[in-house]
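Participant: So the sequence lines, in the order shown, correspond to chains A and B.
The opening position of the first sequence corresponds to residue 1 in our numbering, with each subsequent residue numbered one higher.
The opening position of the second sequence corresponds to residue 1 in our numbering, with each subsequent residue numbered one higher.
Please note: incorrect hints may appear among the correct ones.
A pair holds if it fits inside one copy or across any two, identical chains being indistinguishable in the list.
[Claimed, not checked] Once the Cα atoms are required to be at most 30 Å apart in a straight line, the calculated DSSO-like pairs of lysine-lysine come out as: (1) 229 to 147; (2) 147 to 161; (3) 85 to 229; (4) 161 to 201; (5) 161 to 85; (6) 147 to 48; (7) 48 to 85.
It should be emphasised that the hints constitute simulated quantities derived from the structure, not laboratory data.
Here's the letter readout for the chains.
There are 2 protein chains.
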Amino acid sequence: MPYAFLLDLDSTTSNAPPRNLSQYAHGLFYHLLETIDPVLSKQVHAAKRVPFSLSGWSENSSVRLRIATLDDTLFRPLLHVLISKSVTGLELGQHAYQITRVFATPEGDRNAGVTSWPDLLAASERDRVTLRFLTPTVFTTSRSDGKRHYTPLPEPRLVFKSLLATFQAHSPEPYSNTERAALAAVFDEQLILTHFEIRTKPYRAGKNNLTGFVGTVQIAYPERTREVKRAFGRLAELAFYSGVGAKTSYGMGQVRLEP
Amino acid sequence: MPYAFLLDLDSTTSNAPPRNLSQYAHGLFYHLLETIDPVLSKQVHAAKRVPFSLSGWSENSSVRLRIATLDDTLFRPLLHVLISKSVTGLELGQHAYQITRVFATPEGDRNAGVTSWPDLLAASERDRVTLRFLTPTVFTTSRSDGKRHYTPLPEPRLVFKSLLATFQAHSPEPYSNTERAALAAVFDEQLILTHFEIRTKPYRAGKNNLTGFVGTVQIAYPERTREVKRAFGRLAELAFYSGVGAKTSYGMGQVRLEP
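Based on the provided sequences and hints, a complete structural model is requested.
Facilitator: Below, the structure is given as structure tokens:
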């Protein structure tokens with residue numbers, strides 16, 4: 001089941017915010033995974049599309065972490081170890097932190113939530129999606145020389161092909177190759193940007209200094225094919241849990257679906 | 001010589017702003033050209049990349065038109081006919097207007113200016129350009145089915161390939177085919193977006209309702225090839241006169257170079 005929950009942490013040893021939060025949060029996450037199961041941790045690390053997204057904000061000695069998982073095998077043991085660690089404390093960078101609060105539902109915080117894969121697969125058809133990009137977002141594109149390049153623009157095809165790839169990697173019912181190719185072709189050519197208000201924002205994702213965009217983007221599918229509208233609805237719901245684009249495990253590409 | 005000048009017009013018969021200003025301004029422009037020389041008017045109309053850009057703003061009974069030309073054969077007779085018409089009046093839509101002011105230099109208005117092709121060709125090398133998109137901007141891209149599509153995003157390659165095509169069409173010293181292809185390849189792959197703050201804005205360009213973007217965009221060329229930096233400098237200077245992207249003769253894609 002896709003889950004997104006928030007942890008409020010407070011440092012017991014320092015008043016200063018952690019320097020490179022995305023790097024430390026990433027490290028903490030894998031450290032926790034390793035505590036649970038070293039094999040699982042290695043598997044997750046090696047996955048082409050990791051089954052979680054992770055972001056954090058800090059204010060003085062307090063840190064809020066958002067952890068979203070797409071996969072039950074990850075969520076349940078993770079919650080278990082977090083609860084046990086909440087007593088002994090967590091390390092984020094060089095300092096010790098204690099969990100002070102957990103938010104697991106949108107009533108507690110609108111960046112938290114839970115859905116089930118059956119519910120997500122049964123998502124309503126849509127011909128329009130408004131996404132609020134909360135943290136800097138980039139897409140990985142490759143150049144003719146094979147070099148990796150980061151694009152900080154909400155091209156509809158990049159947004160939806162990123163979500164489609166994640167869906168294929170983690171949904172219990174992925175599309176067949178033929179269906180996937182047909183959807184990718186539609187996303188390449190038929191989606192339009194109907195509204196946006198965006199700006200660049202620099203971001204340190206682990207060891208990379210990147211320029212991403214934040215803001216609101218509305219994307220529409222103006223044609224009538226129902227299978228596309230259904231996929232559009234599913235992927236829109238998925239985005240809240242998976243994030244969008246590159247470096248979502250370092251806090252980039254966190255989004256919220258707007259009404 | 002590339003010129004950009006502004007005309008303030010005041011209606012003598014109506015207090016209402018003209019309904020479809022871009023359409024009427026476009027019509028007025030060709031009407032004036034025809035007064036000068038019917039053959040010239042036809043030639044300009046048939047050009048793949050027209051040698052002028054045109055935009056307008058209105059406030060109550062006042063209209064401000066900005067006319068920018070890339071071509072002496074257009075500017076001098078145009079100015080001549082405008083001066084003679086300033087006595088008898090101009091028609092914009094169903095109403096008569098009189099020219100109340102003309103701005104031809106940046107001291108009068110920062111959207112006016114003049115340069116010469118030799119000066120433009122000698123523009124300083126640049127590795128960074130900040131453009132302020134004053135009116136909604138779109139780029140024409142074609143789909144695999146050949147259908148025309150409008151992209152409202154400042155992809156660096158679209159911005160600079162649009163400017164390069166205009167440069168090739170109107171510069172007295174265009175690049176050779178080999179040089180042009182080399183520059184296009186660099187624009188496709190090596191430019192990066194270092195900053196932007198943009199939003200969509202709907203626009204009626206003649207008979208088309210389009211969604212363009214406005215705002216500030218900074219594009220950088222991070223490599224060292226001097227011929228590219230020189231082209232970057234030239235095209236940045238050209239943008240103020242030519243506009244950027246599609247429908248510049250209907251008021252879209254007007255830009256100002258920021259320091």
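Participant: Each hint should be assessed against the structure and marked as holding or not.
Facilitator: Cross-check of the supplied hints:
1. 229 to 147: between (34 Å within a copy, 22 Å between copies)
2. 147 to 161: Both, since 20 Å and 21 Å are each at most 30 Å.
3. 85 to 229: Neither, since 43 Å and 56 Å both go past 30 Å.
4. 161 to 201: both (23 Å within a copy, 26 Å between copies)
5. 161 to 85: Neither, since 37 Å and 56 Å both go past 30 Å.
6. 147 to 48: within (18 Å within a copy, 35 Å between copies)
7. 48 to 85: within (29 Å within a copy, 68 Å between copies)
Hint check: violations occur at hints 3 and 5; the rest are consistent with the structure.
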